[in-house]
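Student: The lines below spell out each chain.
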Amino acid sequence: MSTSEKAPLTPVLTKRWLSPQSWRLETYEKLEGYTAVRKALSASPEQVIQMVKDAGLRGRGGAGFPAGVKWGFMPKNDDKPHYLVINADEGEPGTCKDIPLMMADPHALIEGCIIAAYAMRSHHCFIYVRGEALHPMRRLYAAVREAKQAGFLGHDILGSGFDLEITVHAGAGAYICGEETALLDSLEGRRGQPRLKPPFPAASGLYAAPTTVNNVETIATVPSIVNGGSEWFRAMGSEKSPGPKIYSVSGHVERPGQYEAPLGTTLRELLEMCGGMKDGVPLKFWTPGGSSTPLFTADHLDVPLDFEGAAEAGSMLGTTAVQVFNETVSVPWAVMKWTQFYEHESCGKCTPCREGTFWLAQVLERMVDGRGSEQDIDTLLDVCDNIGGRSFCALGDAAVSPIQSGIKYFRDEFLALCESNRPEAAGAAESPEPAQGSDSQAAQPVGAQA
Amino acid sequence: MTVAPEKSDVDVPEGYVKLTIDGEEVVAPQGELLIRTAERLGTVIPRFCDHPLLDPAGACRQCLVEVEMNGRPMPKPQASCTMTVADGMVVKTQVTSEVADKAQQGVMELLLINHPLDCPICDKGGECPLQNQAMAHGRADSRFVDKKRTFPKPLPISSQVLLDRERCVLCQRCTRFSDQIAGDPFIDLLERGAHQQIGTAETADVLDAASHTSSGQPFQSYFSGNTIQICPVGALTSAQYRFRSRPFDLVSTPSVCEHCSSGCAERTDFRRGKVMRKLAGEDPDVNEEWICDKGRFAFRYANAEQRIRRPLVRSAETGELEEVSWTEALRAAAAGLTKARDGKGVGVLPGGRVTIEDAYAYSKFARVALRTHDVDHRARAHSAEELDFLASRVARDGGPAGGGVTFADLESAPVALCVAFEPEEEAPAVFLRLRKGARTGDIKVVHIGQWSSPAVEKTFGELLACPPGGEADAVEGIAQHAPDLDEALCSAGAVVLVGERAAEVPGLPTALHRLAERTGARLAWIPRRAGERGAVEAGTLPTLLPGGRPVADADARAEVERHWGLEAGTLSAEPGRDVTGMLNAIVTRDLDGLLVGGVDLDDLPDPALARKAFDAAGFVVSLELLPSTVTPYADVVLPIAPVDEKGGTFVNWEGRRRPFTVTLDGTGALPDCRVLDTLGVEMDTDLFTQTPDAALGDLDRLPASSVRAAAPDHPSVAPPTPGPGQALLATWRQLIDDGSLQIDEPALAGTARRVVARMSQATADGLGDHVTVSTDRGSVTLPVEVTDLPDGVVWLPGNSPGSKLRATLGAGHGAVVDIAGGDR
Amino acid sequence: MSSDTTGGGAPRTGATFGEDTIADARELIARYPQSRSALLPLLHLVQSVEGHVSQEGMAFCAQQLGLSEAEVAAVATFYTMYKRKPCGEHLVSVCTNTLCAAMGGDAIYKRLQEHLGSDGAPLGHEEVAGTPGESGSLMLEHAECLAACDLAPVLQVNYEYFDNQTEQSAVELVDALRRGDKPHPTRGAPLSDFKTVERRLAGLLPDDDDEFWTEVDGPSQAVETVRGAQLAADRNWTAPPAPEDVPMPEVEAK
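For the record, the sequence lines run as chains F, B and W. Using UniProt numbering, read the first sequence as starting at 1 and increasing by one per residue. Using UniProt numbering, read the second sequence as starting at 1 and increasing by one per residue. Using UniProt numbering, read the third sequence as starting at 1 and increasing by one per residue.
Rather than coming from a laboratory, the hints here were simulated on the basis of the structure.
No farther apart than 25 angstroms at their CA atoms in a straight line, the calculated lysine to aspartate or glutamate pairs in the DMTMM-like style are these:
| no. | chain 1 | residue 1 | chain 2 | residue 2 |
| --- | --- | --- | --- | --- |
| 1 | F | 148 | W | 207 |
| 2 | W | 195 | B | 191 |
| 3 | B | 444 | B | 486 |
| 4 | W | 85 | B | 205 |
| 5 | F | 148 | W | 217 |
| 6 | W | 195 | W | 209 |
| 7 | W | 110 | F | 369 |
| 8 | W | 85 | W | 119 |
| 9 | F | 30 | W | 210 |
| 10 | B | 147 | F | 374 |
| 11 | F | 53 | F | 239 |
| 12 | F | 148 | W | 211 |
| 13 | F | 80 | F | 46 |
| 14 | B | 76 | F | 312 |
| 15 | B | 436 | B | 289 |
| 16 | B | 804 | B | 791 |
| 17 | B | 148 | F | 397 |
| 18 | F | 148 | W | 209 |
| 19 | B | 148 | F | 369 |
| 20 | W | 195 | W | 207 |
| 21 | F | 278 | W | 234 |
| 22 | F | 148 | W | 24 |
| 23 | F | 197 | B | 191 |
| 24 | B | 148 | F | 378 |
| 25 | B | 18 | B | 32 |
| 26 | F | 148 | F | 26 |
| 27 | F | 197 | B | 55 |
| 28 | W | 110 | F | 365 |
| 29 | B | 102 | F | 397 |
| 30 | B | 804 | B | 737 |
| 31 | F | 76 | F | 163 |
| 32 | F | 80 | F | 188 |
| 33 | F | 30 | W | 209 |
| 34 | B | 444 | B | 55 |
| 35 | B | 76 | B | 87 |
| 36 | B | 344 | B | 590 |
| 37 | W | 85 | B | 208 |
| 38 | F | 53 | W | 244 |
Source: prediction; values computed, not measured.
With the sequences and hints as input, model every part of the structure.
Tutor: What follows is the structure, encoded as structure tokens:
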């Protein structure tokens, strides 16, 4: 039908989610499941990589690196084992796409793994699942078991001569393991602390062997590309950010949920599908892709949410975790909460992130408690400057982005918190009412119980 | 920046690159880290986690610089401790870059927010990299007004090392050292983020279910002291040194370790005539920057209360030793020795801890003053075969300059075969090099021994297990049973390392000699004691004159006679007696007197025989620092200087001379060579060894000799078969044990390895938790630890508390012992 | 490194960890090319036996994997899911990350603290209401983002999701748990207990097929999860139709 070409929602990954027992092999096979793997296994690994390159599939874990190019980094003629590692350590605040995907359609991930592993000549694939994601893990165990019984995994898959084992591995509660080298250290049974790069995983990853780490959504997208081809895939999204993407809309909207739409969809469009702001309370700020992506405001409703659009507007696409906050929420409070998160999750390896998040959290807690001063705002920004781009991995950069963007767009709110501590206001009987209160009680977002 | 390539006259050799640092062009070897290149230019980039001997970490972020590649500035400042040089790179350090300077100041401020301001009471104060760099690069005041992170202080993580977590900057030097260099990962990062801290299983906030207290392993390593030294703050401090002095009170002198034959460079710090601490010195050729804990902590013996500071002579009336003047003591000694010499003769036992100067004085004193070749420094198991081995393969192998095996060779050799040698226990610096070679290079380490000791595992080694005493057969069987090893030994650079235990295995020195001849592998003899190698060169052996000259060779004797101004024919052509020979001769009244240096009778192969002999000896002169097992038998005791109070030279196992000067001047303590020189004068003989310099000069003026001793040629003997209730004894000494130089060091003793008896499961079956190992002399009872030993073999430590085998059992490696379940 | 050859005390793990646990550990170790990779699963296994990780538990892992106890401690103390004191029958984790907190998560956590506290003192983070080892005991914790933001505010009991919570529903939930009841999660398997799910996290699934599928087939299709898919279905929005038999691209043989 003609309207489908411009359809606001383009279910590819989510198209099976409505089916009863969508996680079962039987369901999956009824709905085109395991057709792509047959096609891929009868082609050469190079052809598969080329197909993914042609499609322009970019990593769905946040960084947006072209998947086909990444696969192409794997050495061709070496005798070391190759490893494919799936990053299912979904923990970026606001992000909730991989967990429902693994619950609803685990076989799509398994099929993607087989194709990707074949393309990269890997015979052992690990799916590193965030420990708290217990139910998705069960679905993966079941899917691996079913796939193995059906001959899609194990020795000589579908008579192709290709062997693959998949090991589902549980994490144990550490956000930093979403960073790919920290994930590899964790998978090796170590503290999840990032590794020096170079060497990059393609040269020396898991067990110092060539390794590719890909996000769940990225790999689950691969079967549809193999079946539909690169042109079909590119019919969705933009030139540089092609394909569909799961937008996870949460917060103060009428109908939060998972919306799979072409890359480049705007918040305005998403809000329309979500039924608008909850109870009509106006939008105040939002994240385009998790807490690590700088905040947007109501001024950014029409920013195309693809890799280029988000970056040009001063943020990042991240994981398309769209967290929507209405006017009742205090920005300094939200920023403080996120900063506490980064402090808790800083791995401790490098000084700026470890000590910096510790400091920032204390300053923000003090400010939200009404004990801040205007000077603290300058200190916050300067400490952010000493963390961002100075830390070992991107967690430091992520930790400062809510603060920097929060102060950038809502400096007045931070100032208002300091009002009672201004030298000239010291004698005032009562401080003026700021946007969100300046004492600890008022720091709780009003309307939170709605 | 300049776009057009400018003509430069700097030559870039193959394997090098050219880059610009702070506007200055510099040529650097590929792979060099920026922080080192800058340092060569004189720009010190501040750093904490960086250490040249540890793998880069990039953790502290103190060394950030700006980097431009191909004309494009990198978006973020880069850690110069992890980034290697590249051609055309343009680097701006804090000297020329505001960004780098601000980044460094920012990191410094962050490091200080949680650092306590307790510098005035911190051991590190005054020599603290954090303090120094904060003064140089930090802000004058702090913007941090919130709550600092605090921890209870300090936490003992072993009996030697204390941890103050508040001061720690989490650079991970200590954990990387322990993991990478020592292979003892008993200290690690705990917790996460701002709560991250250094700790051990014992300090981890994880409770013991039963007792609700922590009960994990402490920091168990022979090398733990290095972590104190490389800690860039005062987080790790020494239990022995804590609060004892301030860096600015100390005077430092370079020194050489007196314990094992590695000859590690050390720095000795003293205050008001008292040594306060020893630190690792830097010597890339020998110990790099590391020393073992024995070398670091075992030095207080020299100041023990019981130290002999005045000469003693046994009173004819009371039978007791009484303090007398030097003159009187020397006169008494000279008279007694002269009488004994002119009777049946005097034997000389210098011990294995002498400097080469002192050894030379003993050697010369024996030949010239006592007119005998009855001299043997080997206060341990020894054999005639070993004498041949030492004479032919060790005495004149030339050292590093003459193509001998060196520490550096241990990193590049294709294979290192350790035979009857337990490197971590007997020569820790050798162990560290072997581990380094095996970890970072391609060296394969093979051990012929009895069990997979920690050293086998930590050198990533392969064990060729044999029964104790079966080492000779194992070596002879390599070609047949281990063709891969044989091939590796035949390749260029292969080395064989043999320990002093080889003397206890009949045929082993011969087998090693033949192996070396056949394969071309170079052989290195690595004794346990610091003085043994120098003593071989100085000729304190019954068959060897100084310079490796065989006593039996007429030309060799003539050379020495000429040099010493002796009449031709003065030196006997008949070799002297070895230690056991001398002791037997005393017992049979064929020898009258003994001149003894630092010898413990319980180190000798048969302590009972030794006691009998000393008891029977007509006259005994003891040169000693501390009262010893010899003292009760001594007629005259002459106090001598410990290493800190004299100069001298140890010759390490490589044959490398390790000279050191006096640390504590003017104590009046005399080196052995001086005492012997004076004693010689009393006996109308001039030794020309009044100072160490003079002694060494005299030795070195001996012309080079081309005479070589004959190679060992002794048959191997199959180890005996133990009967029911018996086992073969395997044993070596642990590094930290009851050694006489380790007294008064409770902190050190606290990190000794557990004293256990090791045996296979089959051997242990039916014995219970404890085993009693006995001979007709006595027995020891120890807990059993099942280990991968051959069946019918029991391993015990040689000289540890509760396991002093020579003294108790009179037995050594390869002996047959009785074993039975032991009560405890 | 063999920890037993370098000092320290004798092994102390015999009583708690029997032959069955050792067999489980071996099975887990065999899944990995290098044994150390099994450390995280083994620590989960330890929790499935002990209900937390103790010094004995760490020593057990060290022994099984040939690591030093410090290396195990380093890992055990890094990850928040390893509890260092007995957990109770259940673990209740309330998301208090920003979005859930703004939607009511902070209030829920505070209410539960007060509700489960005793003697007027609120129950603290990782503190237990009741006596560990007894039915109805539970540990309360505040958790970081649990990746269910569209269903905020959420909490988990033994890592099973209870979505769209309110203070009231959360209080009712913990009351039921304290009574020994096992309310069904919104998404997840029928509620068991902390030790059982730790066994799953270690990677050990029920041997019995029915039991296995009962757990796997526990619900997951929340309204929010399928909202986009439902909306598309309702509006007949689809992705562009995929062409049939698209050839694989030609590449030069390398």
